[in-house]
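Line order of the protein sequences matches chains A and B.
All the letters of the first sequence, read from the start, carry residue numbers 1 to 110 under this note's numbering.
All the letters of the second sequence, read from the start, carry residue numbers 1 to 383 under this note's numbering.
I should point out that these hints are in silico values taken from the structure, not numbers from a laboratory.
Where a beta carbon is used, it is the ideal one built from N, C-alpha and C, also for glycine.
Mixed in with the good hints, there may be bad ones.
Stated by the list, open to error - Covered stretches of chain A (in silico footprint by chain B; criterion: 3 or more residues with CB under 8 Å from a CB of chain B, positions within the stretch not fixed):
#1 50-59
#2 62-69
#3 91-102
What the hints assert, rightly or not - Taking lysine to any residue pairs in the SDA-like style, the calculated list, with each CA pair at most 20 Å apart, reads:
#4 A:K66 - B:Q36
#5 B:K288 - A:Q85
#6 A:K66 - B:E245
#7 A:K66 - B:I296
#8 B:K230 - B:D287
#9 A:K66 - B:T300
#10 B:K107 - B:Q36
#11 A:K41 - A:V95
#12 B:K342 - B:T355
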Amino acid sequence: MDITIEAAAGAEIVAVRGSLDTNTAPEAGEALIGLINGGAKRIVADFEHVDYISSAGLRVLLVAAKRLRAGGGDMRLCNLNPFVQEVFDISGFGVMFSVFDTRDAALAQS
Amino acid sequence: MPSILVVDDEPDLEILVRQKFRRRIRAGELEFLFAQNGAEALEQLQTRRDVDMVLSDINMPVMDGLTLIGQLRDVAPMIKAVVVSAYGDMENIRTAMNRGAFDFVTKPIDFDDLELTVTRTLAHLEMLREAVTSREQLVALRRELDVAARMQAQILPGKPLAGPGFQIGAQMTPAKEVGGDFYDYFQIDENRVGFVIADVSGKGVPAAIFMAVSYTLMRARGMDGLAPAKCLELVNAALCRDNDEAMFVSVFYGVLETSTGKLAYCNAGHNPPILRRANGDVSPLEDKGGPALGVIDDATFDQATVDFQPGDTLLLYTDGVTEAFDETGEPYGESALMDVFKRLGSADPLAVAETIETVVIDHTGDAEQHDDITTLVLRRPLD
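Isolated chain A, as found in the complex:
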């Protein structure tokens, strides 16, 4: 897995590549918490290149979403492939995030 972070208007875009599982989730979690501690209010996680997410991966996203919400911000997800979408659907945690089809759509809405 690798993570690239870029700043866009009013949001930090976190693009993850690879698999978000027990081994890689802690690194992704640190990156997200780092952004939040640095003052980020809105994070857009781009899942275009994420092929797998385990419960450990889901957990780091939930921690980030909770922290952002507490500070009046939000966590947005985009480009979920059907498998990743299914994980959100089954767990019922889709409601914790705003989910968008594309990165542009995630950035467009205020």
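Fit chain B to the known structure of chain A by using the hints.
Only chain B this time, still in chain A's reference frame:
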């Protein structure tokens, strides 16, 4: 302070060593002890268990250096020996090394070289000791994790449960690392039986603790006889308290009214169980419930009811079943599971659970099992 035992029958060496190392001796960095031969050295080692290193000559009366080194291994296995040999005496050097000597220096002793050798030997010893300590800690930790895994397995029901109008059996094959699947079943009253399957996020000790708490809450609320949705709502609220790490647990909870076959259930973020009708039709249960428990404190839960007829069987499972990967990374998958379940017909629930576990573990082959593999089977007998 490191201690070095110098063994030589020439008294000159003691004077030389004391002189050359005087600064480090005075600074309290090194301590030297002296013996005249191997026998005397062994005698000193009896009382001085803290000696780190032996520097020994080879030719000495009473007991020579090679014999001493051969015996050191039994007396004090952690001591590192360095031999002092005549220049070019490869035969004795080789014998000493074969008997476990760590290094050698040649006569006449070059004290710069000796100091280097002493420093290197002591550093090596330090590393070795750290490795031993880490290893001991690791072994202790492993033992504790094994105990945690055993305790976890022991709190689950060990025997199938059966009564008028129902039979339940379950099977769990834990992954190597202590994890978080669990199942449970219990008779609420003479006409109702509750059954649970659950999967805690993550692995290791935090997951094991969260599992134990979830299990206990489910059992307590379930035995209160609450409707499934209400039960999960209360357990969710309890688990959400002080859960900053966002640990969560997916839970399927069902209550079967054994006289009528009315089965009420609520699915909190878990894989939908598979229903096999008496005629062999298989399909997942309609997904009704709410999110996995522990994260959204004001979450609401719905429940559904299905008519569970004589001859019907319900298979509950965790994603360790469908996401069991073989060597090529191919998951076992839901359709394979449905096929096997359909073919197993209306066998005894425990036998169905055991067969599915076996088939799934066969599928993984030599690949490592990443997740607990858990199945629970509920059946309503024909008569």
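The hints, checked one at a time:
no. : hint            : in the structure
1   : 50-59           : holds (count 4)
2   : 62-69           : holds (count 3)
3   : 91-102          : holds (count 5)
4   : A:K66 - B:Q36   : violated, 74 Å
5   : B:K288 - A:Q85  : holds, 18 Å
6   : A:K66 - B:E245  : holds, 10 Å
7   : A:K66 - B:I296  : holds, 9 Å
8   : B:K230 - B:D287 : holds, 17 Å
9   : A:K66 - B:T300  : holds, 18 Å
10  : B:K107 - B:Q36  : holds, 17 Å
11  : A:K41 - A:V95   : holds, 18 Å
12  : B:K342 - B:T355 : holds, 12 Å
Against the hints set out earlier in the document, a violation occurs for number 4 only.
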